[in-house]
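Visitor: Use the sequences and the hints to build the structure in full.
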Amino acid sequence: MSVLPIVTYDDPVLRQESENISADSQDLQTLIDDMFETMYNGSGVGLAAPQIGKSIRLFVMDADVMTEDTDEDDLGPLVFINPEVTQKSDIQVSVEEGCLSIPGVRDSVNRPESISVKFFDRNFKSRELNVTGWSSRVIQHEIDHLDGILFIDYLGSFRKRLLKGKLMQVKITIPPNGW
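Heads up: the sequence shown runs through residues 1 to 179, numbered per this note's numbering.
Quick caveat, the hints were computed from the structure, so don't treat them as lab data. These numbers come from a predicted model, not from an experiment. Every residue, glycine too, gets a C-beta built ideally from N, C-alpha and C. Incorrect hints may appear among the rest.
Restraint-style ranges between C-beta atoms, simulated for each label pair [as the list claims (entries may be wrong)]:
1) Ala23 <-> Lys166: 16 to 26 Å
2) Arg159 <-> Ser126: 33 to 43 Å
3) Asn41 <-> Lys118: 26 to 36 Å
4) Thr67 <-> Gln26: 16 to 26 Å
5) Met1 <-> Arg159: 30 to 40 Å
6) Gly156 <-> Val3: 34 to 44 Å
7) Leu155 <-> Ser126: 26 to 36 Å
8) Leu167 <-> Lys125: 35 to 45 Å
9) Gln16 <-> Leu155: 15 to 25 Å
10) Glu19 <-> Phe158: 28 to 38 Å
11) Gly76 <-> Asn41: 15 to 25 Å
12) Arg159 <-> Gln26: 39 to 49 Å
13) Asp121 <-> Gln16: 20 to 30 Å
14) Arg106 <-> Thr70: 17 to 27 Å
Guide: Have a look at this one:
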């Protein structure tokens, strides 16, 4: 397994809508393993393929560390291929988020409290999950990456102006090709 470079928020790949993956995609299992290694190395709980420069509908997550002190179920490491949210709760919850592609920047984002998502797992078995809390938030954050959306896009113009200096620091401190 390899730790892959993570692209920063200003990389154009993060603004593209990702392409679906077919079951016969070459090197998919190696890529998935490398993405988990990269996510864990960066102390993340989710990592989408666009964050490593690949515009495909794939992300990995392991949010169990976030659910340790809650009554949420531990889901363990999961792979989401071609995910689609099929249902969202009307209840919105504001929680602080961060992103491996925007290191050092955190802010509160409103998202639906619970969702239903259908996807294929790493073996291309069709699955559906109903999740709430942290797992719901991580899945929504990562699906946003697949749709070319960053968490900072949910912030108002005033908050974005306040973060502008931090975003410029990300450009300065991280090489253009990632970590």
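Visitor: To test your reading of the hints: which numbers does this structure violate?
Guide: Violated hints (numbers, rising): 1 and 4; every other hint is consistent with the structure.
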